[in-house]
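Number of protein chains: 2
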Amino acid sequence: MWKALDVAEWKERRRADLAGVREAVAGIVEAVDQDGDEALYALTKKFDRIELEDLAVAPEEFEAAYDEVDEALVDALADAEANIRRFHELQRNRSLWLEEVEPGVVLGVKTTPLDRVGAYVPGGRAAYPSTALMTTVPAQVAGVEEICVCSPPPIHPLTLVALDLAGVDECYRIGGAQAIAAMALGTETIDPVQKIVGPGNVFVTAAKMMLRDHAEIDFPAGPSEIGVLADTSADPVFVAADVLAQAEHDPHAGCVLVTTDPTLPARVGAEIRRQLETAERREIIEAALKNSGYVVAADFDEAVVAMDEIAPEHLSIQVADPMAALNAVHHAGSIFVGPYTAVAFGDYASGTNHVLPTAGYARTYSGLDIHHFCKTSSVQMLSREGAEALGDIVESLATAEGLHAHANSVRLRRQRRK
Amino acid sequence: MWKALDVAEWKERRRADLAGVREAVAGIVEAVDQDGDEALYALTKKFDRIELEDLAVAPEEFEAAYDEVDEALVDALADAEANIRRFHELQRNRSLWLEEVEPGVVLGVKTTPLDRVGAYVPGGRAAYPSTALMTTVPAQVAGVEEICVCSPPPIHPLTLVALDLAGVDECYRIGGAQAIAAMALGTETIDPVQKIVGPGNVFVTAAKMMLRDHAEIDFPAGPSEIGVLADTSADPVFVAADVLAQAEHDPHAGCVLVTTDPTLPARVGAEIRRQLETAERREIIEAALKNSGYVVAADFDEAVVAMDEIAPEHLSIQVADPMAALNAVHHAGSIFVGPYTAVAFGDYASGTNHVLPTAGYARTYSGLDIHHFCKTSSVQMLSREGAEALGDIVESLATAEGLHAHANSVRLRRQRRK
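Protein chains in written order, with my numbering: chain W, 1 to 418; chain C, 1 to 418.
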């Protein structure tokens, strides 16, 4: 159950095989494209076994949701919302910066939000109010005016409360590939969005990948992962607790310990078995532990290389010199430093985002942040002096590239008498 | 030729129809996937009519390229390279920031470069040394270690000089969809890349879109565009010169003037006809002008709304209060402010990037910048005190979401006696 891992094999196994669902998803996408809302009602009846009366959640339903939720939970959600907002506000760039790089040549960047985005919040059997916050609050902080949420029915009251706390009121009870198709293509009820963010199952992910010509996505994401980078200073109780927390997400979750201490895997293994005895989601955890294991590295550098190969969704650093490790690693969705920084803090409370790339995609993609909801325009502003200073470069290169009207557009400026 | 435009129709027409080439591109991708290098040699013979001896450009070929290029041109390229580097260096973020958001809770972001990226540089009949700089220099500034360039044969000496000036030595003489397939999937000679950037024809764009499961891309891009936002203060000579410069790129280029001055379109039209008389790429320009025209807006606000609808690749601001216009517009690839800021300066000399989203994609995507070559990891570091402060939120929300091991991972930390 808790065994030595081969990193290459791990990498191979983590990429979700979307091929198996691609045909089914293509059929769903086509149905939504052809029949719009009608297809959404039919597919929801088929897959969620619910006959919807309305796609959109009505304003009074948000109100009513509070009555079904414990007050302490509303407070916890409100705290989480405030912390997520706080962290994402720290990511803001100046909306416009300009700098005179040489006399008469002012360059800069203007940052603007997307107009309309879609957030997918998983649901169905479970409630994910935290994901409702993680997908919508960064969009708000970025300045996005229209945020459209889809979540499979029945939508849990906690999720509605979370959306209401965030100040999001456009929410449709549709899940799966049909929700992605509706947001990407638009229907009678749902206006199309520019970008779709948020986690989902293989159907959701396959639909997101398939519809990127219509709506951009955050990144492909699959089952959750933790990588623990540890030495002799690590506490096996904490390491085991974080492993179990990751494993309880999903039978396909993956946990890997990379350590320079050859005695640590056995100590963590024993602690995993002990904590497993009282775990409530024991079957899921045991299934996930089959995808999990450890790597013993000869030294710190080798451990870092192995962890960078893995590029885990969550990286827990449990070593004597954590700042050195933080500086050394390159690839991870989110990094948790030191014994008290349980990964669960990032999932719920610290304000960092839990929508993160998995399966090694952290090598290429950033976790969800406000930059996913912004785009930039470069800006240039030349005076006559600046145009004169840069004129020769343009005239000479444009002529070499055979673009004579380019050269002429600069020549005309230079010839103009003041 | 120079006529009133309907903005909705313009938007409709700008999106390139990739459907027509999709089958051909899928065949090319499959061939490269199956036969690797062999397919590259065969496809280059078929499409470029060149029998390659080697895919890779040898080190001595870069050296030799200087002998075939005018010295003044090398200087202009070196100046352009330095200016592009200067502007992109201004975009750098701190590689790690950490902030204590409350006692014991330190949050931050670590920024790291991608490991290996691909740059597509168009070529064939023409030389695009400027695009060689625009695609590779930002990657270098971001810290990318491996930059792989593909360009169709024969590669012009100017392009090789540009790559050498930038310090890029991995270059393959392959073009079209087969180049994108080779970089996304890898062959015996070419290692796969994480992301492919750079402009290309519809085959290149279709291949980039098709292979996004394997390699991320910058954004879809099509024929070049200019939008000029102008009032009575605009100089028709300069406006016409910038329109012609854009139009000479491609028969499918598009130029639109949005103005509050109803007399300006005719004055610009007359100036276009005058400048066209001596234009060297007259046929291309005349074809592009058929896709072009003007919009007369009732007032400034209406003009800004129309221009935001268009979201042009290049936006030229030619109004009496340019800073107000710069602040008001939302969507443009790159913004050129004032009479002396010819768009051609951004194409070659000022240092801003000319690889930009077209066809309204500026609503969703940023032009190429160093952030395309970076990704981030969020960081969190909690002390015992910080864990205590955030503990209740996690325990309460994790329990509500049914994730008991998450709650336990925090509870164990809080219970630990110092």
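Everything labelled a hint here was simulated from the structure, so no lab data went into it.
Positions of the beta carbon are idealized from the N, C-alpha and C atoms, including for glycine.
It cannot be assumed that every hint is accurate.
[As the list claims (entries may be wrong)] Pulled a few chain C residues facing chain W out of the computed Cβ check, cut under 10 Å: (1) V202; (2) G293; (3) I393.
[Claimed, not checked] Covered by chain C, per the in silico footprint, the following chain W stretches (three or more residues, Cβ under 8 Å): (4) 80 to 92; (5) 108 to 122.
Holds or violated: is there a CB of chain W closer than 10 Å to the CB of V202 (chain C)? violated (13 Å)
Verify this for me: three or more residues of the region 108 to 122 of chain W with a beta carbon less than 8 Å from a beta carbon of chain C. holds (count 5)
Quick check: the region 80 to 92 of chain W, covered by chain C? Criterion 3+ residues, Cβ under 8 Å. holds (count 6)
Given hint I393 (chain C) near chain W, where the shortest CB pair must fall under 10 Å: This hint holds: I393 (chain C) lies near chain W, its Cβ roughly 4 Å from the closest one there, short of 10 Å.
Chain W contact restraint for G293 (chain C) - C-beta distance below 10 Å: It is violated, given that the least Cβ distance between G293 (chain C) and chain W is near 18 Å, above 10 Å.
Violated hints, in rising order: 1 and 2; the structure is consistent with all others.
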